[in-house]
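K.L.:
With chain L fixed as given, assemble chain U onto it according to the hints.
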Amino acid sequence: MDAILLQILNGLDKGSAYALIALGLTLIFGTLGVVNFAHGALFMIGAFCAVTLSRLLSLSFVTIDETQTDFLGNPLKVETPYVEAWFGPETGAAIIDWSVPLAILFSIPIMALVGLFMERGLIKYFYKRPHADQILVTFGLAIVLQEIIKYFFGANPIPTPAPDAFAGSLDFGAMIGMDPNVIIYPYWRIVYFLFAAGIIGAVFAFLQFTTFGMVVRAGMADRQTVGLLGINIDKRFTFMFALAAVVAGLAGVMYAPINSPNYHMGMDFLVLSFVVVVVGGMGSLPGAVLAGFLLGILESFASMAQVVALLPGINQIIIYLVAIVILLTRPRGLMGRKGVMES
Amino acid sequence: MSLIRKPFNRRSILRAGALGGTALAMPTVFSSRAWSQGYLNEPTGSTVTLGFNVPQTGPYADEGADELRAYQLAVKHLNGEGDGGMLSTFSSKALKGNGILGKKVEYVTGDTQTKSDAARASAKSMIEKDGAIMITGGSSSGVAVAVQALCQEAGVIFMAGLTHSNDTTGKDKKANGFRHFFNSYMSGAALAPVLKNAYGEDRKAYHLTADYNWGYTTEQAVRESTEALGWETVETVKTPLAATDFSAYITPVLQSDADVLVLNHYGGNMVNSLTNAVQFGLRDKQVNGKNFEIIVPLYSRLMAKGAGENVKGIFGSTNWHWSLQDEGSKAFVKSFGQEYGFPPSQAAHTTYVQALLYADACERAGTFNPCGVVEALEGFEFDGLGNGKTLYRAEDHQCFKDVLVVKGKENPSSAFDLLEIVEVTPAAQVTYPPDHPQFAGGALGTCNPGA
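Here the protein sequences come in this chain order: L and U.
Be aware that the first sequence starts at 118, since it is given in my numbering, and climbs by one per residue.
Be aware that the second sequence starts at 6, since it is given in my numbering, and climbs by one per residue.
Note that these hints are calculated values from the structure, not bench results.
Don't take every hint at face value.
[What the hints assert, rightly or not] Among chain L residues calculated to face chain U with C-beta under 7 Å, some are:
1. ASN273
2. THR327
3. THR328
4. ALA335
5. ASN376
Since this is a predicted model, take the numbers as computed values, not measurements.
Virtual Cβ for every residue (Gly too), placed ideally from N, Cα, C.
Isolated chain L, as found in the complex:
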């Protein structure tokens, strides 16, 4: 029982990341009809926004400490962050400590601009091209973006810890009357799950309850009619692309403390998120969210030693197996509209 509970909890945070990326993917596909293989790169850029802000806040000036020496025997150069000098050691250290949550604000304009440049500068030229061209160009763009990140940040993972206030774990088992120390769940992963739920809710509310969202939905249902009414739907769709970029970026910012960011992390998530979209139903927002959590949890279960002992290698193929079964039996996906992917 406790093992099952643990794997469900494990699946939730991974599922949150899948759901957030898949949400953006399906949003872009639904509005612009583009299959964006560079979406994982946006997740990665988001994580590096957290790294960048952490580095900016840690920018230091150097003083020479004659009493100590460095590895070459020269007087030691002591680095003191500017924020500690400006706001005092304690406040300065606290600001640096909270760099990941602060990076949420930092990343929103950056991700929106990245999304805007991506759509206006490249992707709009491929709207009328076959999906194969769109996939190739966005995949190429993803490789370019990750090489740029590698050039500036190197190939090694960069530790980007959560604030100290969220260090440690919640003893979930003890809370529900089970043995202590058996079901432990890190605080930051709980924060991540709640954050993801908040973002998903906000996107749904935006599309459902605002006039802008209503126009976007109308445009998706019948682009021509909306255009005839004098509404510039293209501008709104561009905005949706930027919004999807922000959602992927925020998913990346908050994921940075879970796994140290590296230039390749977007690719690790992209393929799985694409499968999530297909399983959920191309263009279906609830489908993307549902499939994200479902596949995240399923992947966690498949990684259990008992399951792997029974079916070796199942942990590496479970998601693709599910995708194959769904495509064979229900090509439109769990919540996809009838006719989609069934032609």
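P.N.:
For chain U alone, kept in the frame of chain L given last:
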């Protein structure tokens, strides 16, 4: 809420995927040319070309960059430029700083991408197109084994870079290949006594192992060494090499009866699994009345940097560390530090030493002929290169030297000061017979001069 604007044809996506995949997987094809007479790539002019095959892209690119820095420094020193580095502390005095056998050392570089096929293609290109007389480098055992086999077939010497799997000088050993770096068996043998002292004889270990060759040999080595102490292995679980989130593998550890977690992971795998283990509170846990402990058999400074504060207090082993105070290490750290502004990694050290050992062997043999070099290196004993007295054993072309047991430092004084040396395990304690079961199978064969 459905956002579909137009019907979607999945065939077009599958077609594009197949097209892209084929393009990406296309191997580099090199035209062959006939091997020259005498021995392959015999230098006839005033220069000799060495081939540095390191990961310049991919997950180990930072390690590869450090290897390349070390090679460039070695070339400088061999050609008589700079401060000479370890040439002055090396016990053999055959190298004079006038190149190798009077020929100025030049080099070409290849990118292994940490992929066996790419590494073989780049090595082949350096041998066939650039006339490299020796290939060296790499940050993966899979790559080392693949390139070593290629060099054996082609008829050039291969001086392995960072490769830790037993198989490189075990079942996959080759007459033309030489490894200075230590191996999984040595890690296990060096770590076991330290672990016994630190954590006692009554421990239950849980292994998470990267699902590839290096992971298997490391798990076997550490398992056998710790079981010999009296430890019990409660579970061994393979984790996919591509895994990034290890939470699904960490949580079963909480429910097992284990009180030690051994992470047979390297590079990004190690950074992520260790970070996840610490996040899940394993280090704060008490099991069987003891503190829960984590062990990382193979440490590197670059990995420790990636894992950040999570490495504090965690035991592991390493081939070399810049804080060593012998004359060779001090000379190398000074030379490298002045050139690049930071201390060298163990990858930089082993590759620098391999370049010097090759050059020295050529000088002592009086030829670049691979068979002459093999003869000069087999059974060669030396000192002054940072690891104390070292033997290049003739039977398997493995170096036998002291092994360092290290621990993540509690209070690092700089970004490079992440590990502290706990013990220098003497070479005798990590030496094994050539026919040890962990190294069984395969044969060295005979040297191939390529002509």
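K.L.:
Flag every earlier hint the structure violates by its number, smallest first.
P.N.:
2, 3, 4
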